[in-house]
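According to the working numbering, the residues represented by the sequence shown are -17 to 348, in order.
It should be emphasised that the hints constitute simulated quantities derived from the structure, not laboratory data. C-beta atoms are modelled at their ideal positions from N, C-alpha and C, and glycine is treated no differently. Check before you lean on any hint, since a few could be wrong.
Stated by the list, open to error - No more than 25 angstroms apart at the CA atoms, straight line, and that leaves these computed lysine to any residue pairs for SDA-like:
#1 Lys126 / Ile166
#2 Lys263 / Leu172
#3 Lys216 / Lys126
#4 Lys169 / Asn262
#5 Lys335 / Lys283
#6 Lys335 / Leu282
To be verified - Simulated restraints on C-beta separations:
#7 Asp102 / Gly322: 28 to 36 angstroms
#8 Glu293 / Arg22: 21 to 29 angstroms
#9 Glu304 / Glu(-15): 26 to 34 angstroms
#10 Lys263 / Ser64: 43 to 51 angstroms
#11 Glu339 / Glu308: 18 to 26 angstroms
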Amino acid sequence: NIEVISDIEAAYRVTNSPIVSVTGTNGKTTTTTLIGEMVRESKKPYKVTGNIGFGIYYDALTAKEEEILVAEVSSFQLAGTSKYKPHISVLTNITPDHLDYHHTVENYIEAKFKNVINQDENDYAILNYEDETIRNHSDKIKAKKIFFSSERILEDGIYSENGQMFYRTGNNKLSIINTKDIFIPGKHNLENAMAAGGAAIALGIDIEVISRVLREFKGVEHRLEFTGEYKKVKFYNDSKGTNPDASIKAIQGIEKPIILIAGGYDKKSSYDDFIKAFDNKVKALILLGQTAEDIQKCALKYGFENIYRVETMDEAVKKSFELAEEGDNVVLSPACASWGMYPNYEVRGRDFKERVEYYGRNRKES
C-alpha cells in the first residue's frame, strides 16, 4: 500500500521549523500576509508559504530550524494530512464551500479541523469566537486557545470595545490599536487583524509591532482592492470573493450605493444569504459566467430586479460605467470561482482592473 499525502503533510515531516498554519473559508491570504509582516517587523527569520510563494514543501526543505513558516493552507491540502501538527493554527471562519469536492458540509468541516486536531498543550490555536461551527467544535482542541471576537467582550482573548482592540488574559488587559486606525476596511478585515494579532502574540511579538503593522498594511491584491476613481465613481476589485460568504463581507465593507459584478463557476453554492445581504445597498447587479442564471433566479425570488446579463468582463465593466452615477461604488465580487472563464481569480481580477483603466481613461477624455 502506498500512502497518499498532501504537500503540507510532506512539508511537516521534513522540517523542524515552527509552522503557523492559517486556514478558513475566507480571510486566509490577508491573515497570512499580516502575520508575515508582523514576523518581519519583529526581525525574526521567516518564510510566507503554502498557497503563497514557492510552495510549502520547497520552503520546508530549505528552511533553517529557527525560521518560522507562515503558511496559508486549504481544505484540499488539509484533507490529505494525518500527522500534520503546526505549532500555531489559525481558523478564521468556516462556511460551506467547495462542496463540489468535499460533497458534504461535514466533510468540509472535518478537513478544516485537521489544522488543529493533532496539536497538544504546547501549541496554540487562534479561533474565531463568532463562528458557531468553530466555537461548537473547540472543546476537541488540546492546544492553548486564543479566541477573538468582533462582536462581544471576551474574558480571555482579543476583542473590540468602544472602538479599541484589546488583548486580555487573566488580569492583564492590553490595548492593541484603535480600530479606526486599521488601514484595511470592513468588519471582516477587523477579524483578520484580530486573527493575525493572536498568532503574533503566540509567537511572542510585541504589541507595538502588531499595532504598527495594522496601521500601515495596505491590503492584498484582489481582496477588496481599491482600483481607481473616475468622475467620483470608485472601483473595487474583490476577485478573491470566490464564494457567497466572501462577497457578503465585501458588500458589508463598502458604502452604498453599489453596482455589483458577480457570477462565475458553479461550486453548488446557495445564493440566498448573498442576495439578502444586498439590503438596499446594491442598486444594480451585473451577472456573467456559469452561475448567472441561478443567481438571477435567486435575486428575482427576493424581489431584486435591476439585473443585467453579460458574457464577458469587458461587457460587465462597460455596463458598470454606463450605469454608474457620482458617488457610486462598482465592486467586482463574484461569489463564485473563476474556472471556466479564467484559470484563477488573479487573472480575473487583473482583467477587471485593465478594463476599468481602459474605460476610465476614455471617460476622463470624454
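Each hint, compared with the structure:
Of the pairs offered as hints, the one joining Lys126 and Ile166 is violated, with about 29 angstroms between alpha carbons and a cut-off of 25 angstroms exceeded. The suggested pairing of Lys263 with Leu172 holds, with an alpha-carbon distance near 21 angstroms, which does not exceed 25 angstroms. With a C-alpha separation of about 43 angstroms, the suggested pairing of Lys216 with Lys126 is violated against the 25 angstroms cut-off. Between the alpha carbons of Lys169 and Asn262 the distance comes to roughly 19 angstroms, so the proposed pair stays at or under 25 angstroms and holds.
Using a Cα cut-off of 25 angstroms, the hinted pair Lys335 and Lys283 is violated, with the two alpha carbons roughly 32 angstroms apart. With a C-alpha separation of about 29 angstroms, the suggested pair Lys335 and Leu282 falls outside the 25 angstroms cut-off, and the hint is violated. Between Asp102 and Gly322, the C-beta spacing of about 43 angstroms breaks the proposed range 28 to 36 angstroms. For Glu293 and Arg22, the hinted distance range of 21 to 29 angstroms is not satisfied, since their beta carbons lie about 43 angstroms from each other.
Between Glu304 and Glu(-15), the C-beta spacing of about 56 angstroms breaks the proposed range 26 to 34 angstroms. At about 45 angstroms, the beta-carbon gap between Lys263 and Ser64 stays in the expected band of 43 to 51 angstroms. Taking the beta carbon of each, Glu339 and Glu308 are about 20 angstroms apart, inside 18 to 26 angstroms as hinted.
Hints 1, 3, 5, 6, 7, 8 and 9 from the earlier list are contradicted by this structure; the remaining hints agree with it.
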